[in-house]
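> Can you make the complete structure from the sequences, with help from the hints?
Same order as they appear, the protein sequences are chains A and C.
Quick note: the first sequence, position 121, residue 126 per my numbering, numbers continuous.
Quick note: the second sequence, position 60, residue 65 per my numbering, numbers continuous.
Bear in mind the hints are in silico, worked out from the structure with no lab data behind them.
Computed from a predicted structure; not experimentally measured.
Certain hints may be false.
For identical chains, the list gives no copy identity; a pair is met inside one copy or between any two copies.
SDA-like mimics (lysine to any residue), calculated; alpha carbons at most 25 Å apart, straight line [as the list claims (entries may be wrong)]:
{"#": "1", "residue 1": "K239", "residue 2": "P293"}
{"#": "2", "residue 1": "K9", "residue 2": "I113"}
{"#": "3", "residue 1": "K83", "residue 2": "E230"}
{"#": "4", "residue 1": "K9", "residue 2": "K119"}
{"#": "5", "residue 1": "K119", "residue 2": "V44"}
{"#": "6", "residue 1": "K109", "residue 2": "Q14"}
{"#": "7", "residue 1": "K170", "residue 2": "E307"}
2 protein chains.
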Amino acid sequence: MTIKDIARQCGVGVSTVSRVLNNRPDVSEEVRQKVLAAVEANGYIPNNSARDLVKSRSDAIGVVVRGTGNLFFSAMIKTISREIDRRGYTMVLRYLSSSEDEVKAGAILEREKKLRGLLFLGGRFNYMPEEMSLIGVPYVCCSYTNSFGTLKEKDFSSVSIDDFKTAYDAVTLLINAGHKRIASFFDLCDDHSISELRYEGYCAALKDHGLPLEEALVVQTGGFEMEDGYRGMKELLQRGTSFTAAFVESDMMAIAAMKALRDGGKRVPEDCSVIAIDGLALTEYTSPTLTTMVQPCDEIAEESVRILLDMMENGTGGVHLRPQAHLRNGESVRVLP
Amino acid sequence: MTIKDIARQCGVGVSTVSRVLNNRPDVSEEVRQKVLAAVEANGYIPNNSARDLVKSRSDAIGVVVRGTGNLFFSAMIKTISREIDRRGYTMVLRYLSSSEDEVKAGAILEREKKLRGLLFLGGRFNYMPEEMSLIGVPYVCCSYTNSFGTLKEKDFSSVSIDDFKTAYDAVTLLINAGHKRIASFFDLCDDHSISELRYEGYCAALKDHGLPLEEALVVQTGGFEMEDGYRGMKELLQRGTSFTAAFVESDMMAIAAMKALRDGGKRVPEDCSVIAIDGLALTEYTSPTLTTMVQPCDEIAEESVRILLDMMENGTGGVHLRPQAHLRNGESVRVLP
Numbered sequence: 006m007t008i009k010d011i012a013r014q015c016g017v018g019v020s021t022v023s024r025v026l027n028n029r030p031d032v033s034e035e036v037r038q039k040v041l042a043a044v045e046a047n048g049y050i051p052n053n054s055a056r057d058l059v060k061s062r063s064d065a066i067g068v069v070v071r072g073t074g075n076l077f078f079s080a081m082i083k084t085i086s087r088e089i090d091r092r093g094y095t096m097v098l099r100y101l102s103s104s105e106d107e108v109k110a111g112a113i114l115e116r117e118k119k120l121r122g123l124l125f126l127g128g129r130f131n132y133m134p135e136e137m138s139l140i141g142v143p144y145v146c147c148s149y150t151n152s153f154g155t156l157k158e159k160d161f162s163s164v165s166i167d168d169f170k171t172a173y174d175a176v177t178l179l180i181n182a183g184h185k186r187i188a189s190f191f192d193l194c195d196d197h198s199i200s201e202l203r204y205e206g207y208c209a210a211l212k213d214h215g216l217p218l219e220e221a222l223v224v225q226t227g228g229f230e231m232e233d234g235y236r237g238m239k240e241l242l243q244r245g246t247s248f249t250a251a252f253v254e255s256d257m258m259a260i261a262a263m264k265a266l267r268d269g270g271k272r273v274p275e276d277c278s279v280i281a282i283d284g285l286a287l288t289e290y291t292s293p294t295l296t297t298m299v300q301p302c303d304e305i306a307e308e309s310v311r312i313l314l315d316m317m318e319n320g321t322g323g324v325h326l327r328p329q330a331h332l333r334n335g336e337s338v339r340v341l342p
Numbered sequence: 006m007t008i009k010d011i012a013r014q015c016g017v018g019v020s021t022v023s024r025v026l027n028n029r030p031d032v033s034e035e036v037r038q039k040v041l042a043a044v045e046a047n048g049y050i051p052n053n054s055a056r057d058l059v060k061s062r063s064d065a066i067g068v069v070v071r072g073t074g075n076l077f078f079s080a081m082i083k084t085i086s087r088e089i090d091r092r093g094y095t096m097v098l099r100y101l102s103s104s105e106d107e108v109k110a111g112a113i114l115e116r117e118k119k120l121r122g123l124l125f126l127g128g129r130f131n132y133m134p135e136e137m138s139l140i141g142v143p144y145v146c147c148s149y150t151n152s153f154g155t156l157k158e159k160d161f162s163s164v165s166i167d168d169f170k171t172a173y174d175a176v177t178l179l180i181n182a183g184h185k186r187i188a189s190f191f192d193l194c195d196d197h198s199i200s201e202l203r204y205e206g207y208c209a210a211l212k213d214h215g216l217p218l219e220e221a222l223v224v225q226t227g228g229f230e231m232e233d234g235y236r237g238m239k240e241l242l243q244r245g246t247s248f249t250a251a252f253v254e255s256d257m258m259a260i261a262a263m264k265a266l267r268d269g270g271k272r273v274p275e276d277c278s279v280i281a282i283d284g285l286a287l288t289e290y291t292s293p294t295l296t297t298m299v300q301p302c303d304e305i306a307e308e309s310v311r312i313l314l315d316m317m318e319n320g321t322g323g324v325h326l327r328p329q330a331h332l333r334n335g336e337s338v339r340v341l342p
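What follows is the structure, encoded as structure tokens:
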């Protein structure tokens, strides 16, 4: 049983069967049902690879993941993988540590695997046109933007929450709960990364509410992993500065920071409130459950793939989406009396 | 700058340069250093895809992941991806929910992507030769075995801890700590899956220590996700049966079960001790930290890829490795007075 047999049986062309199997929109519902029924009845195993129809053309889409310990990315990769499959392409995945350069890795992957498009899952926020000329295929920045760079908006696409605003909102929530001494934890505050944007959001929220920015309350952890969150909170406790709340830039780091608080004899939220960004399902089960700004993971992943395919297939230019993060109340923030 | 230029410059053949770039063993250290120096000096971006040398042959290895919420698998995929890359192949990843059939999905993927090998990450334990004849390439069962099936050992490979023994050891630890009423949580106890093996380990540990198996203490959660662990513990609390300890078959389910205990007014480990299997880094930060049997993730992932490539490249037969899980003591188990 081949795709030709199915086509003959349904009285349609091979390309129509292929369109049905690849979930393309340009097929009538009637034909779609007929083809799917024939596929089912014959136990035909569809071959959804574009390779079969266009043998000389690759169907590979590269996904370069920077920062391997990030559970937030693990959740997104599943959705990205499903969407790429569903559209008949092949995902080629490469993991980088956060110290590696995703642009160079993407360029290598493009040549190795004859990619037709690239999706960067995490990356720097300061791309320059010269370095991006290494990339010869359409690409999407997934979960980050180019806030500190000089790319033209039309030359790339991005799907990300507004990191500045999300951090601003989280810190404002703490301020509205009566907190005045709010510590904060970032990878680095001046590396033109996601952390710098979130740091700026923290600073702006303090400023807009008439609170001073105190260096003693800002911890640069030098990393984005759990151990960095733990070490960061430990360092803050050793400084001896008083604080009643902490803004931590990721859920995983916040879980680790809460452990450091416990180990230092502090209770959450009685002695210190904690708020974070990400909204991992996991943090609905931690003790205490985490108050966090939830990123719309599925939406970010789905839109990134959709936009990339549109660039690849239709030559569309840059699209920039900013889906909203929303607050999920957990038990980790206390309203001061 | 092409691979030919590098070869000419070093006075070696293109295939030698390729072997160096693909980390193959059959090159002298002297030649390796010379080639790498030329690559570095010329800023050459190596193309480690086998496709370039053997254009007509695919370099794709399929990785079929069953059970998408499993963080244990997320950690392994990174290692598997790195190892497949390092050996010059391309990983093609497909995620399935735990209700989907990995054999059929693997067969489809094999045809679609012209796979040369398949790595199943999670799957059933009861394969029959007839169904496996769908798979036309070498495959490895990664993190599971064929305990309930009828495959010949030489016809496939597997790398997994001994699930029966690991569960037996975990429950024995609780018994040695003085616990006599030990609840347990499994997906299903009779579905010829990993859960059945772990359930048998639980039963055997009770029996060998003269404790009765009480149905009221066994919870079948009907799933492997966090919500299943939570719901399972809630159900147990509603039964009203007394217990002083719980064996939970995965770390993620254990985190959720501890939340259900808290929500039910029970403290861990004062009112109930908890032990699990997996050893996720995360559970070193939970409150309390989790006592758990650590699976050697990296070893399982690396050996699975190594064995699969050996089957593909050298036609070797089945290899079955059983790396040891080891105990990591957390704060979740109390020794009864």
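> If a hint holds in the structure, say so; if it doesn't, say that too.
Hint-by-hint comparison with the structure:
no.: 1; hint: K239 - P293; verdict: both (19 Å within a copy, 18 Å between copies)
no.: 2; hint: K9 - I113; verdict: between (37 Å within a copy, 17 Å between copies)
no.: 3; hint: K83 - E230; verdict: both (21 Å within a copy, 15 Å between copies)
no.: 4; hint: K9 - K119; verdict: between (28 Å within a copy, 19 Å between copies)
no.: 5; hint: K119 - V44; verdict: between (31 Å within a copy, 21 Å between copies)
no.: 6; hint: K109 - Q14; verdict: between (49 Å within a copy, 24 Å between copies)
no.: 7; hint: K170 - E307; verdict: within (22 Å within a copy, 42 Å between copies)
The structure agrees with every numbered hint stated previously.
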